[in-house]
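Sequences listed follow chains A and B, in order.
Under my numbering, the first sequence has 810 at position 22, and the numbering climbs by one with no breaks.
Under my numbering, the second sequence has 315 at position 85, and the numbering climbs by one with no breaks.
Bear in mind the hints are in silico, worked out from the structure with no lab data behind them.
Just so it is clear, the structure is predicted and the values come from calculations on it, not from any experiment.
Where a beta carbon is used, it is the ideal one built from N, C-alpha and C, also for glycine.
One thing to keep in mind: the hints can contain errors.
[To be verified] Quick list of simulated restraints, FRET-style, between CB atoms:
| id | chain 1 | residue 1 | chain 2 | residue 2 | range |
| --- | --- | --- | --- | --- | --- |
| 1 | A | K885 | B | M250 | 23 to 29 Å |
| 2 | A | P850 | B | A293 | 30 to 36 Å |
| 3 | B | D327 | A | R797 | 47 to 53 Å |
[As the list claims (entries may be wrong)] Residues from chain B that face chain A, not an exhaustive set, calculated with beta carbons under 8 Å:
| id | residue |
| --- | --- |
| 4 | I275 |
| 5 | G292 |
| 6 | A294 |
| 7 | A312 |
| 8 | R316 |
| 9 | L318 |
| 10 | D327 |
| 11 | I355 |
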Amino acid sequence: MSLMTPLNRVLGLGTAKGAAEHWWLQRLTAVALLPLGLWLAYALLTLPAFDYASVAAWVQRPVTSILLILLVAAVGYHSALGVQVVIEDYVTGKGAKVATLMASTLAHVGLTVAAVFAVLKIAFGS
Amino acid sequence: MHGVQRPLSPYWIYRWEITMWLSSLHRITGLLLSLGAVVLAAWLIGLASGPDAFDAVQAIVGAAWFKPLLVGWTFCFFFHLANGVRHLCWDAGYGFDPQRIRLSGRLVLVVTILATAAFSYAAII
Numbered sequence: 789m790s791l792m793t794p795l796n797r798v799l800g801l802g803t804a805k806g807a808a809e810h811w812w813l814q815r816l817t818a819v820a821l822l823p824l825g826l827w828l829a830y831a832l833l834t835l836p837a838f839d840y841a842s843v844a845a846w847v848q849r850p851v852t853s854i855l856l857i858l859l860v861a862a863v864g865y866h867s868a869l870g871v872q873v874v875i876e877d878y879v880t881g882k883g884a885k886v887a888t889l890m891a892s893t894l895a896h897v898g899l900t901v902a903a904v905f906a907v908l909k910i911a912f913g914s
Numbered sequence: 231m232h233g234v235q236r237p238l239s240p241y242w243i244y245r246w247e248i249t250m251w252l253s254s255l256h257r258i259t260g261l262l263l264s265l266g267a268v269v270l271a272a273w274l275i276g277l278a279s280g281p282d283a284f285d286a287v288q289a290i291v292g293a294a295w296f297k298p299l300l301v302g303w304t305f306c307f308f309f310h311l312a313n314g315v316r317h318l319c320w321d322a323g324y325g326f327d328p329q330r331i332r333l334s335g336r337l338v339l340v341v342t343i344l345a346t347a348a349f350s351y352a353a354i355i
C-alpha cells in the first residue's frame, strides 16, 4: 500500500507544457494581427515606390516603426506557436521532436529579434 | 478473424466536407505564411543594411518570376485571416451548428478570392 495521496501520485505527470497559456497567446496574437496585418496590406498597397529612399522614409515614420515592431513581434510569436503544434503533430520520435521544436524556436526568436532590430536601426537612422 | 466483416476505422470513408478541407487549408496557409514572414524579415534586414543590400533583396522580391509567389502569399494571408476570424467566432461560442459552419466556410472562400484578386490586381500585377 502506498502512503502517497491520490493528488500527490498524479502531480507532475501531466504534459505540464502550458496548454492553456499556449491556447490563449495564440488567440491574443491572432486578434492583434487582424488590424496589424490589414494595416501592412494597406500600407504596401499605397506605398508610392519601392526604391530604397521611399521605403526607408516610410519605415522611419514613428507610426510605421511602432506598428512594424508590433507586427513583427506578433507574427513571430503567432508563427512560433503554430509551427510548434504542427511539429508536435507530425514529427515522431522524442529526439527528433525535441530537436525540431528547438530549431523552430531558435529560428523564430532569431529572425524576430533581427527584424525588430532592423526596424529600430532604420528608425533611429545610422 | 477470417471472413468476419468488422467495421473499418471511419477515417477513409467520411464524405469529404468543406469544413475538413478548410481546416487543412488553415494549417497549410499558416505554414506558408511562416515562410513568407522570413521574406518580410529579409526585406527589413536588407533595408537596414543599406541601399546596396536593399536593392539586392528588391531584385528578387520585385522580379517577374517572384510575382506568382506574392499572389500565393496574398491568398494565404487573406484565407488565414478570414478563416482565423471564423475560428475566433467558434472560440467565443458562435456559429458552430452544421448550417452556419458550412455557410461561414463558403463565405470565407468568397472573401478570400475577392480580396486576393483585388490586392493582386492593385499591388502585384
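Evaluation of the provided hints:
| no. | hint | in the structure |
| --- | --- | --- |
| 1 | A/K885 <-> B/M250: 23 to 29 Å | holds, 26 Å |
| 2 | A/P850 <-> B/A293: 30 to 36 Å | holds, 32 Å |
| 3 | B/D327 <-> A/R797: 47 to 53 Å | violated, 41 Å |
| 4 | I275 | holds, 5 Å |
| 5 | G292 | holds, 6 Å |
| 6 | A294 | violated, 14 Å |
| 7 | A312 | violated, 10 Å |
| 8 | R316 | violated, 11 Å |
| 9 | L318 | holds, 6 Å |
| 10 | D327 | violated, 22 Å |
| 11 | I355 | violated, 13 Å |
Violated hints, listed in ascending order, are 3, 6, 7, 8, 10 and 11; each of the other numbered hints is respected by the structure.
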